[in-house]
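In case you want the letters, here they are:
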Amino acid sequence: GAVVSQHPSWVICKSGTSVKIECRSLDFQATTMFWYRQFPKQSLMLMATSNEGSKATYEQGVEKDKFLINHASLTLSTLTVTSAHPEDSSFYICSARDTREQPQHFGDGTRLSIL
Amino acid sequence: AQTVTQSQPEMSVQEAETVTLSCTYDTSESDYYLFWYKQPPSRQMILVIRQEAYKQQNATENRFSVNFQKAAKSFSLKISDSQLGDAAMYFCAYRSGSSGDKLTFGTGTRLAVRP
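Sequences listed follow chains D and Y, in order. Residue 80 in my numbering sits at position 80 of the first sequence, and the numbers go up by one each step. Residue 218 in my numbering sits at position 103 of the second sequence, and the numbers go up by one each step.
Chain D extracted, bound-state conformation (with noise of 0.2 angstroms):
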């Protein structure tokens, strides 16, 4: 139990481009998502959490405008990269949980590379 699917897996787009990642609860409402950016050999980074119906908290520093997030449903929550440039190349993670006595599960990250 506790599924969290995420995709793509990878992408590769040209600087500009706006990029959606999709992270899906398979087996349990999701009722708070979580959006993770990792570099190369290091942590993980929150970027925002959001609830499922509401706005997204960004983490500071993490510019929102860049970074929409949309948790329409219990099990699906989007992350779009807008007019993503080469910076913005990295892996994301999602996670999810369901209540707050449960532990987040995460999705197998995407990897994004903009040339």
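Hint data in this document are derived by calculation from the structure and do not stem from the laboratory. Quick reminder that beta carbons are idealized off the backbone N, C-alpha and C, glycines included. Only true hints are included.
Under the rule of at most 27 angstroms between Cα atoms (straight-line distance), these lysine-lysine pairs were calculated in the DSS-like manner: (1) D:Lys66 x D:Lys55; (2) Y:Lys193 x Y:Lys170; (3) Y:Lys217 x D:Lys41; (4) D:Lys20 x D:Lys55; (5) D:Lys20 x Y:Lys217; (6) D:Lys64 x Y:Lys217; (7) Y:Lys193 x D:Lys41; (8) D:Lys66 x D:Lys41; (9) Y:Lys188 x D:Lys41; (10) D:Lys41 x D:Lys14; (11) D:Lys66 x Y:Lys217; (12) Y:Lys217 x D:Lys55; (13) Y:Lys185 x Y:Lys217.
Listed next, with one range per pair, are the computed distances between beta-carbon atoms: (14) Y:Phe179 x D:Ser18: 39 to 45 angstroms; (15) Y:Thr222 x D:Glu87: 20 to 26 angstroms; (16) D:Glu87 x Y:Gln117: 27 to 33 angstroms; (17) Y:Pro230 x D:Gly61: 41 to 47 angstroms; (18) D:Cys13 x Y:Ser143: 43 to 49 angstroms; (19) Y:Glu132 x D:Gly61: 39 to 45 angstroms; (20) Y:Gln184 x D:Pro86: 42 to 48 angstroms; (21) D:Thr80 x Y:Gln123: 36 to 42 angstroms; (22) D:Lys41 x Y:Thr175: 29 to 35 angstroms; (23) Y:Asp196 x D:Lys64: 42 to 48 angstroms.
Add chain Y to chain D, keeping to what the hints say.
Just chain Y now, with coordinates in the frame of chain D:
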């Protein structure tokens, strides 16, 4: 703010032997959760074990156990009978029990298992 420190960037263990990964944290809270996550080369974050701060008994999951020393703010992970599949990055993480859902990760320990 809470901080999580993993002082061992890399560790190595012989197959079938036991290894202990260190983690210390800093917090002024009394209610919190601690986690160990494993990130294999596939990059998916896998929950290994969790510990509630209010529980005195150390958590155990098969070959994985923790040594939780609340007063010393230490949370080490012991892997017994190490297997080749245990090779991965291991991240220690902290989550407040009362304020927010944010997971604060340590910088990780890369574990190599020698056949």
